[in-house]
Amino acid sequence: MDVLYFAWVRERIGQPKERVETEATTVADLVAELVLREERYAAAFADTSALRVALDQELAEFSAPLVGVREVAFFPPMTGG
Amino acid sequence: MPVRVQAEPFDFGAEAAAFASGAGGAGAVVTFLGVVRDDSGTLARMEIEHYPGMTERAITAITAKASARWHLLDALVIHRHGPLQPGEAIMMVATAARHRAEAFAAADFLMDYLKSRAPFWKKEFGADGAAWVKAKDSDEDALSRW
Numbered sequence: 001m002d003v004l005y006f007a008w009v010r011e012r013i014g015q016p017k018e019r020v021e022t023e024a025t026t027v028a029d030l031v032a033e034l035v036l037r038e039e040r041y042a043a044a045f046a047d048t049s050a051l052r053v054a055l056d057q058e059l060a061e062f063s064a065p066l067v068g069v070r071e072v073a074f075f076p077p078m079t080g081g
Numbered sequence: 001m002p003v004r005v006q007a008e009p010f011d012f013g014a015e016a017a018a019f020a021s022g023a024g025g026a027g028a029v030v031t032f033l034g035v036v037r038d039d040s041g042t043l044a045r046m047e048i049e050h051y052p053g054m055t056e057r058a059i060t061a062i063t064a065k066a067s068a069r070w071h072l073l074d075a076l077v078i079h080r081h082g083p084l085q086p087g088e089a090i091m092m093v094a095t096a097a098r099h100r101a102e103a104f105a106a107a108d109f110l111m112d113y114l115k116s117r118a119p120f121w122k123k124e125f126g127a128d129g130a131a132w133v134k135a136k137d138s139d140e141d142a143l144s145r146w
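These protein sequence lines are chains S and F, in that order. Heads up: the first sequence at position 56 corresponds to 56 in the working numbering, and the numbers run straight through without jumps. Heads up: the second sequence at position 134 corresponds to 134 in the working numbering, and the numbers run straight through without jumps.
Rather than coming from a laboratory, the hints here were simulated on the basis of the structure. Check the hints yourself; a few may be wrong.
Here are some of the chain F residues that sit facing chain S, going by a computed Cβ distance under 8 Å [to be verified]:
1. 8
2. 45
3. 91
4. 111
5. 116
6. 119
7. 121
8. 133
Glycine is no exception: its CB is placed at the ideal position from the N, C-alpha and C atoms.
If we strip away everything but chain S, and leave its shape as in the complex, we get (with noise of 0.2 Å):
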């Protein structure tokens, strides 16, 4: 699947978007497995509680299962307006 990050996120991991082949089931597992890869990822999911998570552009919880999702993306809270 196609994992992308904005703002912050995206600094942190230093790049906006990637390609990750994962068995991962939820969100949370996916970000678990990102985690044990490198610091950076580490770095960037250190507090999921200062995150939102959107899977094929809507948003939704952590918890949410990975299957049949093609794109999952990353970021801070959102500050438009």
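For chain S, the structure is supplied; the task is to place chain F on it using the hints.
Just chain F, lined up with the frame of chain S:
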């Protein structure tokens, strides 16, 4: 109910006039203009990042929610992204309804939802470097009144 997410500036007066003249049957047109604020007096610029695709989808869903709730004849949302100078227009909302209470309420609702449900992030560049604007608890709390 047009939604435009763009880097280019827009002409608030011309947009408001075109919206008002196109809103047939409206007794009330409410417009809101958001401007880049410089509280510290040292803001060099603001950069707005967004999530192409999701941004348009999220704003369209928010306007659909507003028109399900109030009888809107039309609504318009324009939101910019990219670098902006203090004093520049960031975004505008317009609503048209038969009566002013509906037009005001729907515009207020749209603004509350755009603040914390549309995927935009603001970064301020000033004398002390750059910092991402933090979401305020009060913005999230504002949604509970709807």
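Tell me the numbers of any earlier hints that the structure contravenes, in ascending order.
Numbers 1, 2, in rising order.
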